Amino acid sequence: MTKQLMMVLFSAVLLMSSMQFVQAAADLEANTPVISAIKTSMQTRHVQLQSHYSAGAIGLTEDGMIAVKDAGAVPLSQRGALAGLVKDENADRVRLYKEIAVANGHPEWQGEIQSTFAGRWIDKAQAGWFYQRAGAWVKK
Amino acid sequence: MLSCASKSCVIKKSHLPIDIVVPFLLFRAMPYLMLCMLSGFFLLASPKAYALSNISMTADVIQYDDVTLSQAKVTIDLNGNDQAVVDANTLEYGTARLDNAHILLDLKANTTLLIQARQIVTPQFDARNPNIYLDYRSTNPQPSLTFNAEIKPITDTQWATFKLNCLIPAQKKTDTWHCVDGLYHGERVNIPFTIDFLPQPKGVEASIQFTQASFSDVSGLHAGEKLTGKVMLSAQQVQSIWHWKGVFNWQEGELFWQPFYFGKAGNTFDIAGTYQSPMLTVEKANLQINGVGNLSASADINLKTKAFNAIRVDAREVDFAGLYQTFIQPMAQKSVFGNLKVSGRADWHFEVKDLQPQNFELNIENANIEDENGKFGFTNLNAHIPWDYNGPKQIFLAYERGHLLKLPLGITHLSAEVNRYSIVTPQLRLPVLDGALQFKDVSAAWIGNGMVWHLQMKLEPISMNSFSKALGWPEMNGKIDGQIPLVTYANKQLNMDGQMQFNMFKGMIAMSDLRIDNPIGVGPKLFANLTMRDIDLGDLTRTFNFGSIEGKLEGDVKDLRLENWKPVHMDAIVQTADGKHTKKVSQRAVENITALGGEGTAAALQRTFLRFFKEFNYEKMGLSCQLRQDICKMGGVESTPSGFVIVKGKGAPSVNVNGFTQYVSWKDLLARIQRITDGNTKAIVD
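Chains as they are written, first to last, in the numbering used here: chain A, 341 to 480; chain B, -7 to 678.
Isolated chain B, as found in the complex (with noise of 0.2 angstroms):
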């Protein structure tokens, strides 16, 4: 008999059967078979310890190799049951505690031993009301351990139940494990696995078959349905280091990970690596996704920080389309990029070190990419974009042929240098239809969280012709060119420096004083003053299809305002312009002119006058409108008592509008235009 009335009680065993720790956490059931592991080797030990003919002692501590016992109380009764009953307020094995340990050793029955507890506490997780039952009777066939408990991560606030039954090997060091019918099920999650545990002299193997499991998190934005695969791991001591590797191989099922959407099963990730506490290292992790291709990646993680110190991420020759629909359009689903048709391969490395992106490089080759929104489209794109925190890079892009809306891009190759957060070009040409655009002098960084850019812009002289025809204008001629001097954009405001000028019709379209506020965001508001000059009134009515007139077109809208796009301020007025050139205006403009001034307006000349001639001289004729809101205040080029004259004619034959309806609502003057151009107002002349 030993009795133990000592402060402290410390019984040394110099053997211990499996020494075993699995190291790292992968998978989410991982924490559970830990704890029924660990539990199932104290246990294994302890027949040989209580082995004795009879035992009565209490202690404050009790030390077992690595389990420490704590206000223990210890009976055996070899006499009456052959019992042996352990309580303790705690029992301590490694970082697990449980609280209330009643352990119960039946000898008579060679032997079976119970574990309960009221709960455990690990750092990982909380158990509640654990049952380790260890059934060593000879009458089984082979010995086995079951567990039972409910758990839950110490993150979490639900319970889950958990149970597993293991069959014991006659070699418990050596041999193979099997341990079946294991369940984690709760509210949000349950996965029926089984699970094949190779002891190893300082390790572990273990292959792990879970089958139509599912789980999600509270919010759902992280679930699985109907998985079925196998997880292979085996983990190796050496020294202070362990070593490991894990093999996932996922059958069935589909995988929601925000904001990433695995629905193809047919994946398999093998990894390997090593732990030494707190640092977790992946040396090769390689992710072959079904559909995409081949993803390797290392990393290195703090466990206790969470943090990755460093990512390395490799993808070679992956299908661009698998690619842009599994990882890229998940995340681009509300920007340009978010609706795409891709083809093609891309190589992609990308470096991470200390939460700080190290570098990266994306190459494209032969892909096609088409906006399904038909806004943009680039076919046998080629490009090779490299980026380094630490120095400048050089860029290239290149297409064969593209498209802006409907504009035709020809061949392009486009280079910059990119300097970590910056980007500069001296020169950007886009070749557009038969002309180009140029961009000079371009240069963008991202400062905080906002983008900072500017650049100058050059139109080369497009012909107007297949420019309308592009975007299925009224047919036009002549040469479009122009220039913007400089945009800058910053604080989420675009503003441009001088005046950004095109040539069109013969003269001369001007805007000055732009400011964009928000252009991207919601509700943009613009700010401008526009110029027009020395505009061909013959080119500009042929070509949409008002009437003739002949002469030239000035005009000026200042301060316009738009909010989200729509105009609510200006001061606008369109009129012809003095000079000794031809000012004449045929009877179908006349009456189009006419319609433009609103109900009331009139052509101030007896109708069966008009009638016999085609065209009329005029001395001047304009329309102005001043835009407060919703209402525009029209006016012409003279006032008169009850309204305002739109045309004013000269010698004869001659002709004279005047408009009477002063206020007219936007929407009205728009439609009035609308009527007009397109084409079906046909002038009825009585």
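For reference, chain A alone in the conformation it holds in the complex (with noise of 0.2 angstroms):
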């Protein structure tokens, strides 16, 4: 009986243990129409951004944004337009984050899927591109 009663609770013990780690996991590749129409906005905006990055005018920040690095980069007549892209595109990223979270059923994960995103985009990011680490800028 005692050892029956060990068994149940030993299982008890196992099943809670095991649940803590079936850990949702977000589903980063969520899909809906505003997600879609997010990406597709950043898409077009990213062909304007490309140059900037290149030339190390912008960068990428260690919260999932972007900033402006450098603007004496870009010149004068242009620095406007680098200002608003820059402002726009962040714009997109709070709102991706926050539909990716919604879209998972869970809109307090949004800290968090800002934060895979932030370390997301730094990987994909090109040679030569920058990106801060401890508040620095750092050449990839």
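Derived from the structure by calculation, the hints contain no laboratory data.
Heads up, a few of these hints could be off.
[Stated by the list, open to error] Not everything, but these chain A residues come out facing chain B in the computed CB check (under 10 angstroms):
1) A370
2) V374
3) V387
4) M405
5) G412
6) L416
7) D428
8) T456
9) K480
Note that the structure is predicted; figures quoted are calculated from it, not measured.
Note that beta-carbon positions come from the ideal geometry of N, C-alpha and C, so glycine has one too.
Two chains, two frames, some hints: make the complex.
What follows is the structure, encoded as structure tokens:
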């Protein structure tokens, strides 16, 4: 009897601990019309951003956003457009993280999704692009 | 010998050569010039003060005119090197403080004086390792003053080099000082300059010439490159009020001041006003911008709080194209007004008080506006748009003609009442083609950060023929008219009360329960129900080149949901109406319906038989689609064990069309419709 009870308890403990490991992983590739609209908007913009990444005018931040690193790399006449691109890109990124969290049914995951993406963007960045590490700009 | 052992020793001197304070900081380099000047004037007074036989003095505090020395030690050695040395813990002059000041006065050389200090601290900037060298030797044709130091504005983290050489005129109080080789140089700033400086009894006149100067803030969003120009400043103190004026003449270079870009030089800015701490009053500022015109402004600015207490801006007879490119386009880049081609003239008046817009007036004369993306355009636009915080104003807008997308707009006169943050008008009528779009009971208001509005709309009959031609659609006949009961927009949500109804093809198409979330943001969502009654199939099929069908069409789309304007949900059925009217379908239409049904759909009829007849009788035909995300579950007017019936024939000759593929992707279904309606598909009957 005691042995059976022990077995039940043991199984229960095992089950509980295994449940903790069943971590619900976020589907970062979740797709809804809204997410696909944001991605399309970002892809269109990326064509314009690419040369600014290569020139070191902008870089990837640690929190999954982009920032102006050296506006001096861009002629004065194009600085307004650059600032606009960065602002729009960041607005899209915030929306993307939020919508992916919503699509996963866990709006509260937005922060974690954002930090996962931050790493992804940097991994995917081309050589020569800049990204932030511990607040400082690093050339990839 | 004067020996001062008391705690405080005060030396008073009745005469000051020049009493000067540069009253305001209109120009970035101004604080440094100010520092240079005040140091110089202090020094000018010095030789006389120390023209004593032998002085040795220590004191906790020495006050000398506006100069205060603390923990000072003065040693004058007339017997040996004829030098006077002053060391002080701090030297304070006005708001500036020199720490660890070391002053060396060489009396033998008649006279040189060197002031060194560890740092100078002022409210606006810090300087370290300053050297102020005054050369009064008779061997020089003219005495000179040299100043150099590393300086930085208090708010900055970067140090910059500052230097300037001035020739001291014979009459220091009334002659012009010529200062050359001025340089303010740092990591993001390089301003070579010269300055001519004329002291006034109670004021100053200065003319600064800068050549190929450049500067930028850390972000690069406030920057100038290769700037060459001249700044003329003058200031006079009358009692406690400073009267000042300045002229800025910008001859070369470009300037970016987020979000504005000034690429064309040849701009002049003249400005005059008064200063009485802390208020800076700009009585008149004229900005002549190349390619735009003349803007004049006045303002009251509190320099302590940095608040603009009152601003008035006037622009008369300004070139609308230049005004748009320089000022409006950068602000409106992402909006529908961001890519316009404009011409005409504009007057503009704007007043702000205590950070609150007070009034505004924009008059546009004979302007042409054309969206480069082709979305809209107006010809000969005239507008009078006043606004007043304190009372209602009547606004008018008229144009001779225009277009919205490809829809031509006729001569239009609009008026509305604007009251603080709301705008109302009982009626707006926009002539479109041979009809008009009428807005009634229009009211809009800005509440908090959002906009709230409601309106009713009525479409006065427009001939479908011209409407379809204008939009490049297949030619249609008849007239379209309709109405929208009440539409409200609040909290980023658009809601329609009642039913929006349009009459066309002798029947009616109506939309109800319309709601749009976030219509102008990212990811808009639309919810609605649609009904369609008594649509004349003859007219419809002729229009869309489908192959003739005689009969009446009705349809219902329930729980339609669009996300980002793409359908993701609906229960739709489109079918022919029962009744005693003619029900005939042409051979070609049968082929097209078969194609619409997709693979496996078959006309249950011997092909040889089909060939003999141009048209057939039918009892009913219809298609339904239950859309869930991207998949549509198709159905017809009846179910069969293996599929559904799309066309149910009747009498002789009759035809039956059955569908077998129940699930089809929305994309494929759209592609099928596209293939059929583009008219390229020709029914081929073997």
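Hints and how they fare:
1. A370: 13 angstroms, violated
2. V374: 3 angstroms, holds
3. V387: Because about 17 angstroms separates V387 (chain A) from the closest Cβ in chain B, which is outside the 10 angstroms limit, the hint is violated.
4. M405: 15 angstroms, violated
5. G412: 6 angstroms, holds
6. L416: Holds, because the Cβ-Cβ distance from L416 (chain A) to chain B comes to roughly 4 angstroms (cut-off 10 angstroms).
7. D428: 7 angstroms, holds
8. T456: 21 angstroms, violated
9. K480: 22 angstroms, violated
In summary, the structure is inconsistent with hints 1, 3, 4, 8, 9 from the numbered list given earlier, while agreeing with the others.
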